[in-house]
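From just these sequences and the hints, can you work out the full model?
Taken in order, these protein sequences are the chains called A and B. Following the numbering used here, the numbering of the first sequence begins with 1 at its first residue and continues without gaps. Following the numbering used here, the numbering of the second sequence begins with 1 at its first residue and continues without gaps.
Keep in mind that the hints were calculated from the coordinates and are not lab data. Be a bit skeptical, because a hint or two may be false.
Claimed, not checked - In silico SDA-like pairs for lysine to any residue, Cα to Cα no more than 25 Å straight-line: (1) B/LYS2 <-> B/THR165; (2) A/LYS124 <-> B/SER212; (3) B/LYS50 <-> B/SER187; (4) A/LYS308 <-> A/ARG188; (5) A/LYS270 <-> A/GLY40; (6) A/LYS124 <-> B/GLN227; (7) B/LYS243 <-> A/LYS124; (8) A/LYS273 <-> B/ASN233.
Please read all numbers here as calculations on a predicted model, not as lab measurements.
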Amino acid sequence: MSILVIAEHNNQQLNPATLSALAAAVELGGDIDLMVAGSGCQAAIDQASQIACITKVIAADHSACEHFLAENIAPLIADNASGYTHILAAATTTAKNIMPRVAALLDVQAISDISAVISENTFKRPIYAGNLIATVQSNDAVKVITVRATAFDAVEATGGSATVETLESVNDMGISSFASEQLAESDRPELTAASIVVSGGRGMASGDNFDLLYRIADKLGAAVGASRAAVDAEFVPNDMQVGQTGKIVAPDLYIAVGISGAIQHLAGMKESKVIVAINKDEEAPIFSIADYGLVADLFTALPELESKL
Amino acid sequence: MKILVAVKRVVDYNVKVRPNSDSSDVELANVKMSVNPFCEIAVEEAVRLKEKGIATEIIAVTIGTVQSQEQLRTCLALGADRAILVETDIPVEPLAVAKCLKAVYEEEQPDIVLMGKQAIDGDNNQTGQMLASMLGCAQGTFASEVSVEEGSIAVTREIDGGLQTLSLKLPAVITTDLRLNEPRYASLPNIMKAKQKPLATRSAEELGVDVSPRTQLLGVELPAQRQAGIKVNDVAQLVDKLKNEAKVIS
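Structure representation (C-alpha cells):
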C-alpha cells in the first residue's frame, strides 16, 4: 500500500488537522508521502519534511496554487496519483472543495469524513448529521478519502527528515480566480485546535453580549464558538459556527452557553471530553449530553464565572 | 440565461432516523421525505435570479426513484419552469449522480448549475465538485453570496477561516450553503399550477450512464450515546467540579 496525504496549510504553517489525517494514514499502514501545494510555501514544505511518519514530501510551489483553487489543485493531485492506493486529506473546507474533484478525475467514488479505519478498504463515517454511523467498503482501486480530524490523534510533527521532491509542472486552468477574502483575525486559539472552547447560542441575544464569553475565554486560553442560530442571527461570523455544517471540535472542555442543543450543533461537539451547559431552560436538550449542567440566567452566571476563574 | 438546479429527495430533517431491523441500512419505511434543505436554497437562488431578470429558464432535475417526482413538483411550485427525472431503481452514489447530471447538462447546455452543498442523508458533499470536474468548469462551493456578471460569476464562499470570494468563468457549478438565502414556501395556487408544468422522465441507461455502485454499505449503527451528567447548583460548584473532579481547568 502506498498513501498520498494532501497537506493543508496557509503557505507558512501546516494546519494541525493534517497531522490527524496522517494518523489515519498510519492506521492504514504502508508508505506515506505528503503533498504540499502552495505558493511561497517553503516554510510549510520545511515543516512537512520534519514529520517522522512520512517517506517523502511532494512539493509544488507555484502561483497557480496560491489560493488552493480546486480547479488548479485537483488536476495536480490526480496527475501525480499514479502508484498510490489511497489519497487522504483532513476534512477541512479546502479539502472538501478539492478532493471530490480529484475523485471524479480518477473516476472513483470518494469517501467523505471518515471517523475510523476498519481495514484498507473499509471505514466508518457519520451520516445524517452524526445521528448514525455507517460502515462503508470501497471497491475502487484508489480510495480518495477525507478524514474527520477530531477522530484521530495527531502524529508527531517532528523527528523526521523526509526527502523533498519538487513538481515543476503546475497549470493554471484559467477558469477561476481569487478575488478577495475576509478572514477572522483573533489572538485566541483556533477553534478546531483549542483545548477549551466556549460557545454561545441564541440565548446570548446579541453580538455585543459575546464579550461576556470572550472575557472568560481569555482567562481560560480558550477559543470561542457559536451555534448556527447565533450565526444565522448575525451575532458572530460564520467561521465561528460549531456543528455538522460548521466546524467539528473535540476539546478537553466545551462550555455551551445559551445553546439549546439542536442535533446539528451536538454533531459538531459531542466528542468533547467534558461538556458544560449553562442554560436557563432546564428542559434544553443540551443537558442530556452535558457532564455538568447549570440551570441559570447566563447574564448573571457568566460574570460570576469570570470572577471565579 | 438558463439555470439547471439539481435536487435530492431525502428523509425530512425533522425525522429522527434509526437503523433498520437488521442494521443493514437506515430505516426508510413510512418515513416522511422532502427536498434536501440545501437544495431548497439552490432552487430559491435560481428563482431569485429569474425574478431579477438574469435567468430566463429554470430546469429542476433529480436522479432517483419514481417517487422523486414529488420533490420535482415541489420545485415546480417554487418557481422552476420544467423538471427532469432521471429514473433509477437503485440508490445512486455522488459519482453516478454527477455522471447523470453531466449527461443532462450536455443536452440542456445551461449557463449555471446550482445545487445544495450536501444532502442531509449521506452528508457526502461531493456531487457539485464532481460534476464541475467532469465538465472541466469552475466550481463555487459553499456559496453564501452569488453575483452574476457578464460571462462570469462572483461567489462568496464560507470557508474555515471566514469568507472567500472567487470569480468564476461561466458555465460554472455553484453549491449552496445555509446563509445564501431563506427559501420561500410554495403558495397553494402555485402548487396547483405546478401540476400542469412539464416533467420529463429519462433513465440512466438512456443517457448512457453506468450507475452501478462503487461502494458497499456494510451496516448502520447508532453512535455511542453520551450519558447525562449532573446538575450543579451554582457557579461556585461548577468551578469546583471543573478544577477538582474533571481537572480540566487549573
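These are the hints, each one checked on the structure:
For the given pair, B/LYS2 sits about 23 Å from B/THR165 by alpha-carbon distance, which is consistent with the 25 Å threshold. Using a Cα cut-off of 25 Å, the hinted pair A/LYS124 and B/SER212 holds, with the two alpha carbons roughly 21 Å apart. The hinted pair formed by B/LYS50 and B/SER187 meets the criterion: a straight-line CA distance of about 18 Å does not exceed 25 Å. Restraint check: the Cα-Cα separation between A/LYS308 and A/ARG188 comes to about 21 Å, which is no more than 25 Å; the hinted pair holds.
Distance check on the hinted pair: A/LYS270 and A/GLY40 sit about 38 Å apart at the alpha-carbon level, beyond 25 Å; violated. Restraint check for A/LYS124 and B/GLN227: the C-alpha separation of about 22 Å stays at or below 25 Å, so the hint holds. As the CA atoms of B/LYS243 and A/LYS124 are separated by approximately 35 Å, the hinted pair breaks the 25 Å bound. With a CA separation close to 22 Å, the supplied pair A/LYS273 and B/ASN233 stays within the 25 Å bound.
Consistency with the previously given hints fails for numbers 5, 7, ordered from lowest to highest.
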